[in-house]
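Novice: If you want the building blocks of each chain, they are given just below.
Protein chains: 2
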Amino acid sequence: MDKFAKRMNSMEKTAGIVKKLFGAMNDPDLISFGGGAPAREALPVDIVREISNEVIRTDKRGIEALQYGPVVGIKDLREVVVKDLLEPKGVKAKAENIVITGGGMEAINLLCQLFIDPDDIILVESPSFVHSVEVFEMFQARCIPVDMDEDGMVTEDLEEKIKKYKPKMVYVIPTFQNPTGITLSQERRKKIAELGSRYDTIILEDDPYRDIRYSGNDLLPIKAFDETGHTILANSFSKIFSAGSRLGYIYANDEITDKLFDAKSATNSHTAMLPQILCAEFFKRGYYPAHHEMICSLYRERRDVMLECIDKYFPEGTKRTTPDGGLFVWVELPGIIDTTELLAESVSNPDVKVAFVAGEGFYAEGGGKGRNCMRISFGGVEPDKIRTGAKRLGELICSKLK
Amino acid sequence: MDKFAKRMNSMEKTAGIVKKLFGAMNDPDLISFGGGAPAREALPVDIVREISNEVIRTDKRGIEALQYGPVVGIKDLREVVVKDLLEPKGVKAKAENIVITGGGMEAINLLCQLFIDPDDIILVESPSFVHSVEVFEMFQARCIPVDMDEDGMVTEDLEEKIKKYKPKMVYVIPTFQNPTGITLSQERRKKIAELGSRYDTIILEDDPYRDIRYSGNDLLPIKAFDETGHTILANSFSKIFSAGSRLGYIYANDEITDKLFDAKSATNSHTAMLPQILCAEFFKRGYYPAHHEMICSLYRERRDVMLECIDKYFPEGTKRTTPDGGLFVWVELPGIIDTTELLAESVSNPDVKVAFVAGEGFYAEGGGKGRNCMRISFGGVEPDKIRTGAKRLGELICSKLK
Numbered sequence: 000m001d002k003f004a005k006r007m008n009s010m011e012k013t014a015g016i017v018k019k020l021f022g023a024m025n026d027p028d029l030i031s032f033g034g035g036a037p038a039r040e041a042l043p044v045d046i047v048r049e050i051s052n053e054v055i056r057t058d059k060r061g062i063e064a065l066q067y068g069p070v071v072g073i074k075d076l077r078e079v080v081v082k083d084l085l086e087p088k089g090v091k092a093k094a095e096n097i098v099i100t101g102g103g104m105e106a107i108n109l110l111c112q113l114f115i116d117p118d119d120i121i122l123v124e125s126p127s128f129v130h131s132v133e134v135f136e137m138f139q140a141r142c143i144p145v146d147m148d149e150d151g152m153v154t155e156d157l158e159e160k161i162k163k164y165k166p167k168m169v170y171v172i173p174t175f176q177n178p179t180g181i182t183l184s185q186e187r188r189k190k191i192a193e194l195g196s197r198y199d200t201i202i203l204e205d206d207p208y209r210d211i212r213y214s215g216n217d218l219l220p221i222k223a224f225d226e227t228g229h230t231i232l233a234n235s236f237s238k239i240f241s242a243g244s245r246l247g248y249i250y251a252n253d254e255i256t257d258k259l260f261d262a263k264s265a266t267n268s269h270t271a272m273l274p275q276i277l278c279a280e281f282f283k284r285g286y287y288p289a290h291h292e293m294i295c296s297l298y299r300e301r302r303d304v305m306l307e308c309i310d311k312y313f314p315e316g317t318k319r320t321t322p323d324g325g326l327f328v329w330v331e332l333p334g335i336i337d338t339t340e341l342l343a344e345s346v347s348n349p350d351v352k353v354a355f356v357a358g359e360g361f362y363a364e365g366g367g368k369g370r371n372c373m374r375i376s377f378g379g380v381e382p383d384k385i386r387t388g389a390k391r392l393g394e395l396i397c398s399k400l401k
Numbered sequence: 000m001d002k003f004a005k006r007m008n009s010m011e012k013t014a015g016i017v018k019k020l021f022g023a024m025n026d027p028d029l030i031s032f033g034g035g036a037p038a039r040e041a042l043p044v045d046i047v048r049e050i051s052n053e054v055i056r057t058d059k060r061g062i063e064a065l066q067y068g069p070v071v072g073i074k075d076l077r078e079v080v081v082k083d084l085l086e087p088k089g090v091k092a093k094a095e096n097i098v099i100t101g102g103g104m105e106a107i108n109l110l111c112q113l114f115i116d117p118d119d120i121i122l123v124e125s126p127s128f129v130h131s132v133e134v135f136e137m138f139q140a141r142c143i144p145v146d147m148d149e150d151g152m153v154t155e156d157l158e159e160k161i162k163k164y165k166p167k168m169v170y171v172i173p174t175f176q177n178p179t180g181i182t183l184s185q186e187r188r189k190k191i192a193e194l195g196s197r198y199d200t201i202i203l204e205d206d207p208y209r210d211i212r213y214s215g216n217d218l219l220p221i222k223a224f225d226e227t228g229h230t231i232l233a234n235s236f237s238k239i240f241s242a243g244s245r246l247g248y249i250y251a252n253d254e255i256t257d258k259l260f261d262a263k264s265a266t267n268s269h270t271a272m273l274p275q276i277l278c279a280e281f282f283k284r285g286y287y288p289a290h291h292e293m294i295c296s297l298y299r300e301r302r303d304v305m306l307e308c309i310d311k312y313f314p315e316g317t318k319r320t321t322p323d324g325g326l327f328v329w330v331e332l333p334g335i336i337d338t339t340e341l342l343a344e345s346v347s348n349p350d351v352k353v354a355f356v357a358g359e360g361f362y363a364e365g366g367g368k369g370r371n372c373m374r375i376s377f378g379g380v381e382p383d384k385i386r387t388g389a390k391r392l393g394e395l396i397c398s399k400l401k
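In the order they appear, the protein sequences are chains L and A.
Note that numbering that gives the first Met the number 0 has the first sequence beginning at 0, numbered continuously upward.
Note that numbering that gives the first Met the number 0 has the second sequence beginning at 0, numbered continuously upward.
One chain only, chain L, in its complex shape:
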């Protein structure tokens, strides 16, 4: 028995890395710079309590919350996406082109259902978000890396690889990228949309961090430059509302939206109703702007403390990014340190007890790339603990160089 489908083998290695990611989030003994969960303090518990009391109070809304709902999501939430999230970013959409998904990860999954046959090629940033790569591998795609620099995906390399590999899809996290924290420049955003149109390739723009910006200027999404429907925007409510609600959305053209109905129906019929209703009301009742300001200021402080501590405690020769938002900073250590080994020691050594994510797993190309890199998440840790954790980790690293 247990003749598992081929896709389960294709994803095996990445799945192991993702399993560790989930594991790293929950050990209470650790100071965890692993995971990418929002801060406890950034979760609108009081607001949700208030809304939920009112929503379930009437029988009509109560029944709506507990009965089957629309495959592509409730109208209220699709309208919120259009008015509160896309319009302010220069993207004019119709609610009929929004599909509500079970989080941002399900958005990626559904788009793979639509487009990816085994051996199709997906171009990804190098490094890219390992959990998305896991999804691509489950669909038996081949992931080919595209170079990145401090302005994000290098469009010259992208164009060359589009010509060479004729990919089905280009996967980009343009804003405060996971894992690097790097933001794709405005000019390149425009260019990538154009490349999608010119070479008839889907640009999957995954943008879950864009609304938690702490410095610098807001940029238009790639989708804002798309004139042919080749760019598909996927996003998540996990960072701005609640991760546990598992809510995300896709904005795409009519033909794709229509196919998404089928894929969503055959995945889980529709997204859970109560989270959708609570989230829609969160925006419609005007709670978002103040909440948004609160979480940005919370995360800004944590980012500042983290960057300061890395500069202070990590050894000379350390390189790091300067994220203008999001939850991650990417650190490159002096070459001889293997971060996978470092991590094993760092979580088990009773004097350290600090977790992070080793860099190697974020490189789809393998071959030891990123071996001396680490993704450090600052969002979920209080400033005092950031100081303690970064100091301990920095001292451990320094001890390796002696």
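What the hints contain is simulated information worked out from the structure, not anything from laboratory work.
Treat the hints with care, as some may be off.
One copy or two, either will do: identical chains are not told apart, so a pair holds if it fits within one copy or between any two.
Straight-line alpha carbon distances no greater than 35 Å define the calculated DSBU-like cross-link-like pairs of lysine-lysine that follow [as the list claims (entries may be wrong)]:
#1 K2 / K165
#2 K5 / K18
#3 K162 / K368
#4 K18 / K165
#5 K5 / K283
Add chain A to chain L, keeping to what the hints say.
Specialist: Leaving out everything else, chain A in the frame of chain L:
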């Protein structure tokens, strides 16, 4: 662009039928015997309101509800499945072998992720639930029908087809089957578990209706007879708690549970937290037994009224099943009537305005089978409306025979 993946073409025809199913649920002008949604009156709105007030009141539970959670579901709900749902049915499971899913449909989807490569064969009942067949087709499986009689899937035919086709999986809805309402006999349950073991074939037991029984004796699940782990039990909370919460579960052996972690993680990270918590508390606080009794008595009346009305208003020569539970009765009309045409008239004729589901779509084999059959759902319609609707529909059918 829009070179959709092959799977999207494979599922196209069935997807069209499923789209109509979803459509049929929501037209307020119709008396709808279509859809399979639970009755409004069967949704525990008051109980959920009470629980949710308490659950989100404390910050700890509030944060749990809004933060990322475990990939395979919360411990509380997995334990509820073991103690409240499986143990009383003669199935001894460990909570570690339960995976919480986004409804019963996602359970089917995840098991296809695990096991189905393109062109793999799945044996299904003839007729079978069209929405599941849609999922199988999205995974590019070939569905081969197995005969049914009044005791469910005919095990002689099943064994023959297992030998002939060497299927990856056998899909069975053993209790109050969708669409027929037929229940698989105890003897055949045992036999099917044995065939799975003997021929090294997965038996996917999909059992969402089992707990809403109105007459006859409770039977053991197929899984209770499984000695080798070849039977996998999938179930849903949609009929006994809430459909909109999108909660279901899979009970499988260790190896499969481990792979389900990967498939679930790459589908949508995990199931929404608040619905899981509310559902777990619904059972843990002891609300289920009284609620269960209430919904069974509600549906029992509706079934009785529906069967009585079919016998009274439908023409001579009509055959129907006698479901001991669930939501559906299967009707076979005198041969010359095409139910797809009948449906078109029945929903549009202002003197009728009654919906049902035409039988043809439930036959994976096609070829016009079931053309004179219909699935009639009695669960969501009040008794008075059942009487009105069945009378109008019966009169329309009789008018065709004149």
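Novice: Does each hint hold? Answer for all of them.
Specialist: Now for the hints, and whether the structure bears them out:
1. Both within a single protomer and between protomers do K2 and K165 lie at most 35 Å apart by alpha-carbon distance, with minima of 32 Å and 13 Å respectively.
2. Both within a single protomer and between protomers do K5 and K18 lie at most 35 Å apart by alpha-carbon distance, with minima of 19 Å and 30 Å respectively.
3. In this homomeric assembly, K162 and K368 come within 35 Å of each other (Cα to Cα) only inside a single copy, at 24 Å, whereas the closest approach across copies is 50 Å.
4. In the homo-oligomer, the alpha carbons of K18 and K165 lie at most 35 Å apart both inside one protomer (32 Å) and across protomers (34 Å), since each shortest distance falls under that limit.
5. Within a single copy, K5 and K283 get their C-alpha atoms no closer than 45 Å, and across copies no closer than 40 Å, so neither meets the 35 Å cut-off.
Hint compliance for this structure: hint 5 is the single one not met.
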